[in-house]
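S.K.: Sequence:
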Amino acid sequence: MVHPLGSIDLSVVAGTAPRQTQVEMTFLIVDTPSPYSAIIGRPGLNLMEAIVSTRHLLMKFPTSFGVGEARGDQQVARQCYETAIIDKGKEKVIPIVNMELRGDLEPERPQPVEDVIQVPLEEGNTERVFQVGSQLGEVENEELITFL
Numbered sequence: 075m076v077h078p079l080g081s082i083d084l085s086v087v088a089g090t091a092p093r094q095t096q097v098e099m100t101f102l103i104v105d106t107p108s109p110y111s112a113i114i115g116r117p118g119l120n121l122m123e124a125i126v127s128t129r130h131l132l133m134k135f136p137t138s139f140g141v142g143e144a145r146g147d148q149q150v151a152r153q154c155y156e157t158a159i160i161d162k163g164k165e166k167v168i169p170i171v172n173m174e175l176r177g178d179l180e181p182e183r184p185q186p187v188e189d190v191i192q193v194p195l196e197e198g199n200t201e202r203v204f205q206v207g208s209q210l211g212e213v214e215n216e217e218l219i220t221f222l
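Numbering-wise, our numbering puts 195 at position 121 of the sequence shown, and it's gapless, one number per residue.
What the hints contain is simulated information worked out from the structure, not anything from laboratory work. Backbone N, C-alpha and C fix where the C-beta goes; we use that ideal spot for every residue, glycine too. Just so you know, not all the hints are guaranteed correct.
[To be verified] Between beta-carbon pairs, the in silico distance windows are: (1) 150 <-> 103: 15 to 25 Å; (2) 154 <-> 189: 49 to 59 Å; (3) 116 <-> 150: 47 to 57 Å; (4) 196 <-> 146: 24 to 34 Å; (5) 127 <-> 197: 25 to 35 Å; (6) 109 <-> 205: 27 to 37 Å; (7) 153 <-> 199: 17 to 27 Å; (8) 146 <-> 184: 31 to 41 Å; (9) 103 <-> 195: 18 to 28 Å; (10) 86 <-> 106: 58 to 68 Å; (11) 185 <-> 146: 54 to 64 Å.
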C-alpha cells in the first residue's frame with residue numbers, strides 16, 4: 075500500500091504558444107517507482123476541458139487562439155508500458171490510500187424540490203416503485219400514474 079507523502083498545487087501548461095492552456099492542478103506526492111513523472115487524472119483533464127484519444131496518443135483542448143493539442147510519442151509510450159508491466163517480484167497493482175485533498179471537491183447530490191409520493195409499479199409489490207411529485211394537481215397526478 076502506498077501512502078501519499080502530501081500534495082502540491084502546480085501550474086500545468088499544455089500545448090505550445092500561442093495555442094496553449096494553463097491550469098492549476100493538485101498532485102499527490104508518493105514515494106514509489108514509476109515510469110511516469112506525473113499522472114493527470116480525470117479531474118485535471120476536466121480542468122483543461124480536454125478530449126483524449128489514447129489510440130492516437132492525442133489530447134485536444136480549447137485555448138483563446140483555437141484548439142490546442144498535445145501529441146504523444148509511440149516509442150516512448152511503448153517503453154513506459156513495458157517498464158510498467160515488468161514484474162520484479164512485486165505486486166502489479168499498487169493501491170493508494172484514499173486522501174481527501176479538499177472538502178469542496180465532493181459534489182452535492184441533487185435533492186427533490188418537493189415531497190414525493192411513492193407509487194408501486196405493481197400492486198402489492200412495494201420493492202419496485204416510482205416517485206411522483208406531491209404538488210401535482212389531482213387530475214395530473216392520476217393521468218401520470220395511469221400513463222406510467
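S.K.: All hints are to be evaluated individually against the structure, with a verdict given for each.
M.R.: To see whether the hints hold, each was checked on the structure:
1. Between residue 150 and residue 103 the CB atoms are about 23 Å apart, so this pair conforms to the stated range of 15 to 25 Å.
2. The hint said 49 to 59 Å for the Cβ distance between residue 154 and residue 189, and at roughly 54 Å that hint holds.
3. A hinted range of 47 to 57 Å is violated for the C-beta pair residue 116 and residue 150, which are about 22 Å apart.
4. At about 53 Å, the beta-carbon gap between residue 196 and residue 146 misses the expected band of 24 to 34 Å.
5. For the hinted restraint 25 to 35 Å between residue 127 and residue 197, the CB-CB distance of approximately 51 Å leaves it violated.
6. At roughly 49 Å, the beta carbons of residue 109 and residue 205 sit outside the given window of 27 to 37 Å.
7. One distance hint, 17 to 27 Å for the beta-carbon pair residue 153 and residue 199, is violated here, with the actual separation near 58 Å.
8. Residue 146 and residue 184 have their C-beta atoms about 37 Å apart, which keeps the hinted 31 to 41 Å range intact.
9. Restraint check, residue 103 to residue 195: a C-beta distance of roughly 51 Å breaks the suggested window 18 to 28 Å.
10. Range check, residue 86 to residue 106: Cβ separation about 21 Å, and the 58 to 68 Å hint is violated.
11. Checked against the given bound of 54 to 64 Å, the beta carbons of residue 185 and residue 146, roughly 42 Å apart, lie outside it.
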